[in-house]
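Peer 1: Below are the chains, spelled out letter by letter.
Protein chains: 2
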Amino acid sequence: MTITDELLRNNEQYAAQFSGPLPLPPSRHLAVLACMDARIDVYRALGLNEGESHVIRNAGGVVTEDGIRSLAISQRLLGTEEIILIHHTDCGMLTFTDDGFKQSIQDEVGIRPPWAAESFPDPFDDVTQSINRIMASPFIPQKGSVRGFVFDVATGKLIEVTV
Amino acid sequence: MTITDELLRNNEQYAAQFSGPLPLPPSRHLAVLACMDARIDVYRALGLNEGESHVIRNAGGVVTEDGIRSLAISQRLLGTEEIILIHHTDCGMLTFTDDGFKQSIQDEVGIRPPWAAESFPDPFDDVTQSINRIMASPFIPQKGSVRGFVFDVATGKLIEVTV
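These protein sequence lines are chains V and U, in that order.
Just so we're on the same page, my numbering is the position in the first sequence counted from 1, plus 86.
Just so we're on the same page, my numbering is the position in the second sequence counted from 1, plus 86.
Check each hint, because a few of them may be wrong.
You can't tell identical chains apart in this list, so a pair holds if it fits in one copy or across any two.
Unchecked claim - Pairs of lysine to any residue residues, derived as SDA-like cross-links and limited to a Cα-Cα distance of at most 25 Å, are as follows:
1. LYS243 to GLY133
2. LYS229 to ALA101
3. LYS229 to ALA240
4. LYS243 to ASP184
5. LYS243 to ALA101
6. LYS243 to ARG130
7. LYS243 to ASP91
8. LYS243 to GLY137
9. LYS243 to GLU136
10. LYS243 to GLY196
11. LYS243 to ILE220
12. LYS229 to LEU164
13. LYS243 to PHE206
14. LYS243 to TYR129
15. LYS243 to GLN215
16. LYS243 to ALA222
17. LYS243 to PHE187
18. LYS229 to ILE197
19. LYS243 to GLU194
20. LYS243 to THR90
21. LYS229 to GLU246
22. LYS229 to ARG95
23. LYS229 to ALA102
24. LYS243 to ARG198
25. LYS243 to ASN97
26. LYS243 to ARG95
27. LYS229 to GLY137
Think of the hints as simulated: they come from the structure by calculation, not from any bench.
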């Protein structure tokens, strides 16, 4: 039995207690963009319930083109207004460089990824970079509350990054 | 007080009960790629705990270039082996077309997004599309367990899509 099979059993229990459906637009008018790190349970860390906030996540919690795409859809079609960015301490993105990662893939499979890996040496600096990317984007209309944080994986606390 | 301020208060309560840190690599060797939809609490819907699985999310739960980037980092640097894809019923991506969305942005701000919006008319078909994209990617080494599901927002149940 795979882990996937095991989690599908958990989903049966979840569905047995489920009450839905909730409305499609997030009731808190919020979008969170966080790192994919397994230790960040965005709903629990922010006290969110189902239906309240979009949750976008990728390696690093970086504002990539896909992050801009998701935020643009979130704000323009589903009415969200505030953005919370979450990077974290002890992030995997601190452990490699783009050049090294891409070279290792090239060495193994013969094709160098045509995309940036988006590694970064400091999560606080990269939160600032992410905020700056949102502020510079013509596709994100709501920029009145764009705030960035580093989640401390030792304490569970969000530390705000002031730009 | 913004919603963000309110959630920061929730985070103080969360941190007060927090016990960490957990190890960086996901203990279940799993990565989930799901839609950003507010109604999908990935941890609860799959019975996951902190530290067990990477969680990647974007508008639609689509396998974009950024999805491939995140999955490549997840598998190559942090040892995940299984992939779960989650789209869902009543998805916002069903409510528009790429052409219409991009034209509306062009009309409003004068710049047409240079990226695909990745809208789709059917979540089941798009799960298949996402599986096919992973299978075709040279950057994802572990393809032994790549399974896709549609989350029913009315029942909380995951419906498997067989390719």
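Peer 1: Decide, hint by hint, whether the structure agrees.
Peer 2: Okay, the hints, checked on the actual structure:
no. : hint             : verdict
1   : LYS243 to GLY133 : both (13 Å within a copy, 23 Å between copies)
2   : LYS229 to ALA101 : neither (37 Å within a copy, 28 Å between copies)
3   : LYS229 to ALA240 : neither (31 Å within a copy, 33 Å between copies)
4   : LYS243 to ASP184 : neither (29 Å within a copy, 39 Å between copies)
5   : LYS243 to ALA101 : between (31 Å within a copy, 5 Å between copies)
6   : LYS243 to ARG130 : both (12 Å within a copy, 21 Å between copies)
7   : LYS243 to ASP91  : between (33 Å within a copy, 14 Å between copies)
8   : LYS243 to GLY137 : both (23 Å within a copy, 16 Å between copies)
9   : LYS243 to GLU136 : both (21 Å within a copy, 14 Å between copies)
10  : LYS243 to GLY196 : neither (42 Å within a copy, 41 Å between copies)
11  : LYS243 to ILE220 : within (24 Å within a copy, 35 Å between copies)
12  : LYS229 to LEU164 : within (15 Å within a copy, 34 Å between copies)
13  : LYS243 to PHE206 : within (21 Å within a copy, 38 Å between copies)
14  : LYS243 to TYR129 : both (14 Å within a copy, 19 Å between copies)
15  : LYS243 to GLN215 : within (21 Å within a copy, 38 Å between copies)
16  : LYS243 to ALA222 : neither (28 Å within a copy, 40 Å between copies)
17  : LYS243 to PHE187 : neither (30 Å within a copy, 38 Å between copies)
18  : LYS229 to ILE197 : between (38 Å within a copy, 18 Å between copies)
19  : LYS243 to GLU194 : neither (39 Å within a copy, 39 Å between copies)
20  : LYS243 to THR90  : between (30 Å within a copy, 14 Å between copies)
21  : LYS229 to GLU246 : within (17 Å within a copy, 38 Å between copies)
22  : LYS229 to ARG95  : between (41 Å within a copy, 22 Å between copies)
23  : LYS229 to ALA102 : neither (40 Å within a copy, 31 Å between copies)
24  : LYS243 to ARG198 : neither (38 Å within a copy, 39 Å between copies)
25  : LYS243 to ASN97  : between (29 Å within a copy, 7 Å between copies)
26  : LYS243 to ARG95  : between (32 Å within a copy, 10 Å between copies)
27  : LYS229 to GLY137 : within (22 Å within a copy, 32 Å between copies)
The structure fails to meet hints 2, 3, 4, 10, 16, 17, 19, 23 and 24 from the earlier list, while all remaining hints are met.
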